[in-house]
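Student: Residue numbers (the working numbering), protein chains in the order written: chain G, 1 to 533; chain L, 534 to 1023.
If you're looking for bench data, these hints aren't it; they were derived computationally from the structure. The C-beta atom is built at its ideal place from N, Cα and C for all residues, glycine as well. Errors might be hidden in some of the hints.
What the hints assert, rightly or not - Lysine to any residue pairs mimicking SDA-like chemistry, simulated, CA-CA at most 25 Å apart:
(1) K315(G) / Q637(L)
(2) K343(G) / L979(L)
(3) K465(G) / Q725(L)
(4) K315(G) / R689(L)
(5) K433(G) / P664(L)
(6) K315(G) / Q725(L)
(7) K21(G) / T779(L)
(8) K465(G) / F620(L)
(9) K33(G) / V777(L)
(10) K845(L) / D17(G)
(11) K21(G) / H773(L)
(12) K21(G) / P664(L)
(13) K787(L) / V23(G)
(14) K466(G) / G886(L)
(15) K466(G) / H881(L)
(16) K315(G) / S716(L)
(17) K433(G) / D307(G)
(18) K787(L) / D20(G)
(19) K21(G) / G590(L)
(20) K343(G) / R689(L)
(21) K21(G) / F620(L)
(22) K845(L) / D307(G)
(23) K21(G) / E614(L)
(24) K343(G) / K287(G)
(25) K465(G) / R640(L)
(26) K21(G) / R689(L)
(27) K616(L) / E308(G)
Stated by the list, open to error - Short, incomplete list of chain G residues facing chain L, as computed with Cβ under 7 Å:
(28) N12
(29) H15
(30) V19
(31) R225
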Amino acid sequence: MKCDVLNTPFTNCPHADFVDKAVRAAFAESLEKLKGSLPLKVPVVVSGQKRFEGRTRPRYCPSQKDWQVAAVTLATQEDVDRALAAAARAWGEWRDLPVEERALLLDKLADRIQADRFDLAALQTLEVGKPWREADADVTEAIDFCRYYARRALVELAPRPQGNVWGERNTLWYEGRGVAAIIAPWNFPLAILTGMATAALVAGNAVLIKPAGQSSAIGYGLYERMIEVGFPPDVVHFIPGPGSEIGDYIVEHPLIAMIAFTGSKEVGLSLIRKAGNTKPGQAQVKKVVCEMGGKNAIIIDDDADLDEAVAGVMKSAFGYAGQKCSACSRVITVGQVHEPFVKRLIEACRSLHIAPAHDPACQLGPVIDEGAYQRLNGVIANPGDGATPLYIGTPPSDDGFFVAPALFAVQDPRHRLMQEELFGPILAIYQAKNFDEALEVAVSTEFALTGGVFSRSPSHLEAAKKRFRVGNLYLNRGCTGAMVDRQPFGGFGMSGIGTKAGGPFYLLSFADPRCVTENTMRHGFTPDIPPEA
Amino acid sequence: MRVALVLIVELKKRPITRGRTTTSTRTIFEGVIIMAPSSLQAKILQTAEALTERMKGEKPSLFSKSRWLRLILDLAMEDHEFKVDMFHFVDALPMLTTNEQVSQHVRDYRLHEKRALPLWASAVFKMASNPLTAAPAVATIRTIVTEIAKTFIVGRDTAEALATLRRLHEEGFAFTTDLLGESTVSAAEARQYQARYLDLIRCLAQEVPRWQADAVIDNNHLGPIPRANISLKLSALEAHLDSVDTEGSVARLKERVLPIFLLAQQNNVFVNLDVETWELHGITYDLFEEIVTHPDLRSYPHVGIVVQAYLKTAHEDMQRLLDLVRKRGTPITVRLVKGAYWDYEVVHARQHGYPCPVFTRKADTDANYERLTVMLLQHFEELSPAFASHNLRSLVHALVQAEERNVPPLAYEVQMLYGMAEPERKAVRSMGRRVRVYAPIGELLLGMAYLVRRLLENTANTSFLRSRYHEGTDIASLMATPQSSISFNG
């Protein structure tokens, strides 16, 4: 059978093994090759028709401000109209394909991405300032999403019988809703975009891909490979452009059936409001799959292994310069552990190697753009009353948007540093009297995405499982780096509406259930009664 | 805590076998024919019997000295759940500063409810579990754990260690020492470690010339060798080590490590680079190569590195070292170990989907150890062999092979951990071989990670020491040739 490949169990694509010299060389080679072809030209693509003309916007490398990585063509409302009309026409046929065919395309896409993994990762180091290891992890996560959803689709979308009564047959299945808008963030520029788009596609929706402005070249890298492996050009459209100009227009468009969004709380909530505003001619109620921010805490218990705790916090707080929705932005220490922990953490921050993301020595790279740079430096300069700076680093240069790590001690859990998502290398530290208070403070924000606890006390770990209510809780490890299938990812509260990317049943959010009941009784005869033995 | 270097771990058995055994004479390495297995095996058995004759009536300190330790080891070997809880408790103990905290942990790990404990032990835990009576019980627990730690750690600081190292030397044993501690997470901590090592070198250089001469341990077959001998762990000396930036990691390390080697040379101190996890393996070898080919160190022979026999690349590692010696023109020492990070390597590789860098069957590691033993002995003038193991079979095999090849007895040495396998150590020494004891220095409680590792090692199902001293397995079966299914024609 042609989908034999999908009958193999899912396994995560291994991260690049940089111990191997050949692997390091391959990455470096991709980077060199890419540097020679900049700036990349990113078109708008409607039904396979590329348009490079018209308004474009340059994208510069965040590590090196004067280095142009891409020239992005900006989509217009007219592009959106044409794309949506084509997608709406193509949708029915796509929806009615056997699910195996769509799933196989996902699997092929995974192979295709894997073949070019270092090209796609190298592009991330330059376009969004992601260091080598993290850029590679983003690419492998994209591969994982494809392979995982392909396999889950066969299970979750397949027709299943309901009930067991003679004389009637009931079948329930899930099918696509229509055209889905995929509105993706720049921080996991390939993984999240791929995850949301492939979930929508495999469930039987047509998609309109709107990458973030800061990561449109990577988005286009995905689009090109989708078309290459055989996704129909009328089913997938590529619409780069500023959210402020076309974002709302897409969301409010009557031909949109659903929206998959990952990004900030502000944009997410406004999008939910706009999606709820029904327009004349709109065929259905819009559904929104929404992943928003976090204000994630790690608790350091008084019996924690500090070697592990310091390393775990450093990685969670400063990995990709804190620009992850899962990042740790609050540390809650318990009692007397505060002083030794903070002392070691400050020294660890002082030792962080801040460098351009494409330099393999980089431990802390730049932030995404000028806006983030100004905003974060503003917070560091004026964190508000009641925040005591423990350590403020010095950026190595102003060639790029480097924001050095900043640690603040706060005494009030309601302080803005303990409440607002800042999305940068800024960490607030609060000293709790005991573990009980630490748990209370940990859940005292509007968000509920990730959290972590370092403790060697079984009763405290048990209490944390019950009371530290977040979507993804990590015990005795950092709170970032969720892997597809192993740690289905997503939160609730103001962090999202409860879906789990890379987990079971995620696909069902992209589909409508249908049930068909057939009366099999004809004049007192039904084939359902088995002949007597 | 930083995982201290371990010379030898008796690996866990994995149920993956492809039952093919080696028989008859076979050619290994560069066309050298070893003797027919049956006659080699006869000599091994003979030597093993001679050694055990010398070991009669002796038990290693951890199986005799401390009755606390013996009790804990016995219980751990009988009851897996107790072992896990007990070790988790001991692991956390250094961080627990108040009696109340210890009391809570005793309750959390339900140590006061454990059945089958001797009366006194369960009484101590019961008292400790009750906040009102905790104080004296907690003090008792701390004393016991500190006592146990003393079995494996030679001293809290250099001053304290020197007395013990001197005593060891008087008893006829050479030493190598390293500094235990927390893992290094910052440049400041790395600098502190470097300073401590530099200080250690100066202290040792002052101390050891006062000691009485011992012809066996103060010399190799060519003449005097340094009495002072230190082992370095690179992960302690630089916080920013990452294979993704191998070149940069090596450059950063070199700044910290080179001064240590140079000072050691000035003071006639031997320096060994310990090899830790696979992730740091390439960095460690690259660094070693840079250091020992440095113009000022090129002709200094008292440097060494580790080859881990559990690594699938161990043979290439050995070959690389041989090439290195030929390039620099001065010999080095190779400490041959089985490898101490087996659990970590297997779990890490599996979690990341990487190819597993280590053999998963213990017999393959044992067989590889013997194969590398032969290789070392063939090149003993370039690679001075240091056989580090507590496994009597591995050691006896090395002794017999050395004799077969007419390698002078002082051209190689045997290394064992402080606090373990004293009867073997004494027996090997009494046969006129140089024996070096790996003796770590560090705060007793901070050295707890090292201690837990030692305890785990001694209670592992496949531990040689366990089968020998706890279960009394007979010599002939302990001397069986490791049956490996790996083809070693590399």
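Student: Against each hint, give a clear statement of whether it holds in the structure.
Tutor: Now the hints, each set against the structure:
1. K315(G) / Q637(L): 30 Å, violated
2. K343(G) / L979(L): It holds: about 17 Å lies between the C-alpha atoms, which stays within 25 Å.
3. K465(G) / Q725(L): Roughly 38 Å between the alpha carbons, so the hint for K465(G) and Q725(L) is violated.
4. K315(G) / R689(L): At roughly 32 Å apart (the allowed maximum being 25 Å), R689(L) and K315(G) break the hint.
5. K433(G) / P664(L): Holds, because 19 Å separates the two Cα atoms, which is no more than 25 Å.
6. K315(G) / Q725(L): Judged against 25 Å, a Cα distance of about 23 Å means the pair holds.
7. K21(G) / T779(L): Judged against 25 Å, a Cα distance of about 9 Å means the pair holds.
8. K465(G) / F620(L): This hinted pair holds, its Cα atoms lying about 23 Å apart.
9. K33(G) / V777(L): 19 Å, holds
10. K845(L) / D17(G): Holds, at about 16 Å.
11. K21(G) / H773(L): Between K21(G) and H773(L) the Cα gap is close to 19 Å, so the pair holds against 25 Å.
12. K21(G) / P664(L): 56 Å, violated
13. K787(L) / V23(G): Roughly 24 Å separates the two Cα atoms, so the pair holds.
14. K466(G) / G886(L): 32 Å, violated
15. K466(G) / H881(L): It is violated: about 29 Å lies between the C-alpha atoms, which goes past 25 Å.
16. K315(G) / S716(L): Holds - the C-alpha atoms of S716(L) and K315(G) are around 16 Å apart, at most 25 Å.
17. K433(G) / D307(G): Roughly 22 Å separates the two Cα atoms, so the pair holds.
18. K787(L) / D20(G): This hinted pair holds, its Cα atoms lying about 21 Å apart.
19. K21(G) / G590(L): 53 Å, violated
20. K343(G) / R689(L): 23 Å, holds
21. K21(G) / F620(L): 38 Å, violated
22. K845(L) / D307(G): Judged against 25 Å, a Cα distance of about 30 Å means the pair is violated.
23. K21(G) / E614(L): 42 Å, violated
24. K343(G) / K287(G): 48 Å, violated
25. K465(G) / R640(L): 19 Å, holds
26. K21(G) / R689(L): 41 Å, violated
27. K616(L) / E308(G): Given pair K616(L), E308(G) holds - Cα atoms ~22 Å apart, limit 25 Å.
28. N12: With a closest approach of 6 Å, the N12(G) hint holds.
29. H15: 6 Å, holds
30. V19: Holds - the Cβ of V19(G) comes within 7 Å of chain L, reaching about 4 Å at its closest.
31. R225: Hint on R225(G): violated, closest Cβ of chain L at ~22 Å, above 7 Å.
Comparing the model with each numbered hint stated earlier shows that hints 1, 3, 4, 12, 14, 15, 19, 21, 22, 23, 24, 26, 31 do not hold.
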